[in-house]
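Asker: For the record, the sequence lines run as chains A and B. Per my numbering, residue 1 is the first one in the first sequence, and the count goes up by one each step. Per my numbering, residue 1 is the first one in the second sequence, and the count goes up by one each step.
Read the hints as simulated data drawn from the structure, not as lab findings. Where hints are given, some of them may not hold.
Sample of chain A residues lacking proximity to chain B, with all beta carbon distances greater than 10 Å (derived) [said to hold, decoys possible]:
id: 1; residue: P5
id: 2; residue: I6
id: 3; residue: R24
id: 4; residue: E30
id: 5; residue: I54
id: 6; residue: R83
id: 7; residue: I88
id: 8; residue: L93
id: 9; residue: G94
id: 10; residue: L95
id: 11; residue: T102
Which stretches of chain B does chain A cover? Using the computed rule of at least three CB atoms under 8 Å from a CB of chain A, they are [to be verified]:
id: 12; region: 15-21
id: 13; region: 26-40
id: 14; region: 45-54
id: 15; region: 64-78
Now the in silico label distances, taken between C-beta atoms and shown as ranges [said to hold, decoys possible]:
id: 16; chain 1: B; residue 1: V36; chain 2: A; residue 2: L73; range: 35 to 45 Å
id: 17; chain 1: A; residue 1: L9; chain 2: B; residue 2: A121; range: 50 to 60 Å
id: 18; chain 1: B; residue 1: N114; chain 2: A; residue 2: D74; range: 31 to 41 Å
id: 19; chain 1: B; residue 1: V18; chain 2: A; residue 2: T98; range: 25 to 35 Å
id: 20; chain 1: B; residue 1: V36; chain 2: A; residue 2: D32; range: 25 to 35 Å
Even glycine gets a Cβ: it sits at the ideal position worked out from N, Cα and C.
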Amino acid sequence: MDRIPILKLGHALLITIQVEMHDRVALALEDDLTARIVSTKAKGVMIDISALEIVDSFIGRMLDNIAAVSRMLDADTVVVGMRPAVAITLVELGLSLTGVKTALNVERGMALIQQRLHMAEAPHGGDRV
Amino acid sequence: MEAIAFEHLRVDTSEDVVRVRQEVRKRATEIGFGLVDQTKIVTAASELARNMLDYGGGGNVAFHVVQNGARRGLRLAFIDEGPGIADIEHALQDGVTTGGGLGLGLGGARRLSNEFEIVSAPGRGTKIVITRWK
Numbered sequence: 001m002d003r004i005p006i007l008k009l010g011h012a013l014l015i016t017i018q019v020e021m022h023d024r025v026a027l028a029l030e031d032d033l034t035a036r037i038v039s040t041k042a043k044g045v046m047i048d049i050s051a052l053e054i055v056d057s058f059i060g061r062m063l064d065n066i067a068a069v070s071r072m073l074d075a076d077t078v079v080v081g082m083r084p085a086v087a088i089t090l091v092e093l094g095l096s097l098t099g100v101k102t103a104l105n106v107e108r109g110m111a112l113i114q115q116r117l118h119m120a121e122a123p124h125g126g127d128r129v
Numbered sequence: 001m002e003a004i005a006f007e008h009l010r011v012d013t014s015e016d017v018v019r020v021r022q023e024v025r026k027r028a029t030e031i032g033f034g035l036v037d038q039t040k041i042v043t044a045a046s047e048l049a050r051n052m053l054d055y056g057g058g059g060n061v062a063f064h065v066v067q068n069g070a071r072r073g074l075r076l077a078f079i080d081e082g083p084g085i086a087d088i089e090h091a092l093q094d095g096v097t098t099g100g101g102l103g104l105g106l107g108g109a110r111r112l113s114n115e116f117e118i119v120s121a122p123g124r125g126t127k128i129v130i131t132r133w134k
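Given these sequences and hints, build the entire structure.
Answerer: Below you can see the structure in the form of structure tokens.
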């Protein structure tokens, strides 16, 4: 069965979706990711969808779910690399991914996560565990 | 207007939905659809194929190339023998779902198509035909 690799990148986890998503792959990803958030204490999750030719409501719901679960585990989710044709289609489909942050690419996504880390650190003078 | 039917795909699993997407992409490319049009029809097909699987107990997708004068298009018929839909107008509204989905499938697929036709009745299955013109 296809499994999607999860890479650690500083305080963030990076997932690059390159396979065709279907139910079992999506469920396995949620399981693997939540376990990794806990084991690595990651503060951010980046999901790179630049390889996806379409995002339908099934994948949209998966992205929303991941973001919601990650939020409960104190990690922010940023979806990066959405193709322009996919963005146009998603809006027409009626799926605006309100629960998910988006960034143009991995670099900007990482900056967004770093920014949140610094904001969280500032009031406590860098006393992060 | 001329319509040439050229194949059927059966949808019984989530992998079949992926095959439908790949086939629609291939046909849309052959007809010469631009990237955005391709993405729209593939996404619409993905929604409807998944609906058949989740609510219709699986079904068939029939592919047609349609020609109207100089215009060509791709017409897809999604036919299932599931429980059917009693209130079609209600089912087409965004956010309405009887399953665990987002309820965007039908309304979304209609917005992503140039033509959208639905025939359904309780106990009689559902047939949805969408067309996207180049």
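Asker: Does each hint hold? Answer for all of them.
Answerer: Each hint, compared with the structure:
1. No beta-carbon of chain B is positioned within 10 Å of the beta-carbon of A/P5; the least distance is around 20 Å.
2. Distance check on A/I6: its Cβ is at least 22 Å (rounded) from any Cβ of chain B, clearing the 10 Å threshold; non-interface status holds.
3. Chain B draws A/R24 into its interface by the beta-carbon criterion, the shortest separation being 7 Å against a cut-off of 10 Å.
4. Here A/E30 stays apart from chain B, with its beta-carbon at least about 14 Å from theirs, past the 10 Å limit.
5. Distance check for A/I54 against chain B: the nearest CB is about 5 Å away, which does not clear 10 Å, and the non-interface claim fails.
6. At the 10 Å boundary, the C-beta of A/R83 falls inside the reach of chain B, the nearest C-beta of that chain being 8 Å off.
7. Consistency note on A/I88: stated as away from chain B, yet its beta-carbon is not over 10 Å from all of that chain's, at 6 Å minimum.
8. Distance check on A/L93: its Cβ comes as close as 4 Å (rounded) to a Cβ of chain B, failing to clear the 10 Å threshold; non-interface status is violated.
9. Separation of A/G94 from chain B is inadequate, the least Cβ-Cβ distance of about 5 Å not exceeding the 10 Å criterion.
10. With 10 Å as the threshold on Cβ separation, the claim that A/L95 sits away from chain B is violated: the shortest Cβ distance comes to roughly 6 Å.
11. In this structure A/T102 is separated from chain B by more than 10 Å, as the shortest Cβ-Cβ distance comes to about 17 Å.
12. Counting residues of the region 15-21 of chain B whose beta carbon lies closer than 8 Å to any beta carbon of chain A gives 4, which reaches the threshold of three, so the coverage claim holds.
13. Restraint check on the region 26-40 of chain B versus chain A: 5 residues with Cβ-Cβ distances below 8 Å, three needed, restraint holds.
14. Coverage of a stretch by a chain is defined here by at least three residues with a beta carbon nearer than 8 Å to that chain's beta carbons; for the region 45-54 of chain B and chain A the count is 3, and the condition holds.
15. A count of 0 residues in the region 64-78 of chain B with a Cβ less than 8 Å from any Cβ of chain A is obtained; the coverage claim is therefore unmet, three being the minimum.
16. In this structure, B/V36 and A/L73 meet the distance hint of 35 to 45 Å, their C-beta atoms being roughly 36 Å apart.
17. At about 53 Å, the CB distance of A/L9 to B/A121 agrees with the hint of 50 to 60 Å.
18. Distance hint check for B/N114 and A/D74: the Cβ-Cβ separation is about 46 Å, which falls outside the suggested range of 31 to 41 Å.
19. A beta carbon spacing of about 27 Å between B/V18 and A/T98 agrees with the range 25 to 35 Å that was offered as a hint.
20. A hinted range of 25 to 35 Å holds for the C-beta pair B/V36 and A/D32, which are about 33 Å apart.
The structure fails hints 3, 5, 6, 7, 8, 9, 10, 15 and 18 (numbered hints given earlier, in ascending order).
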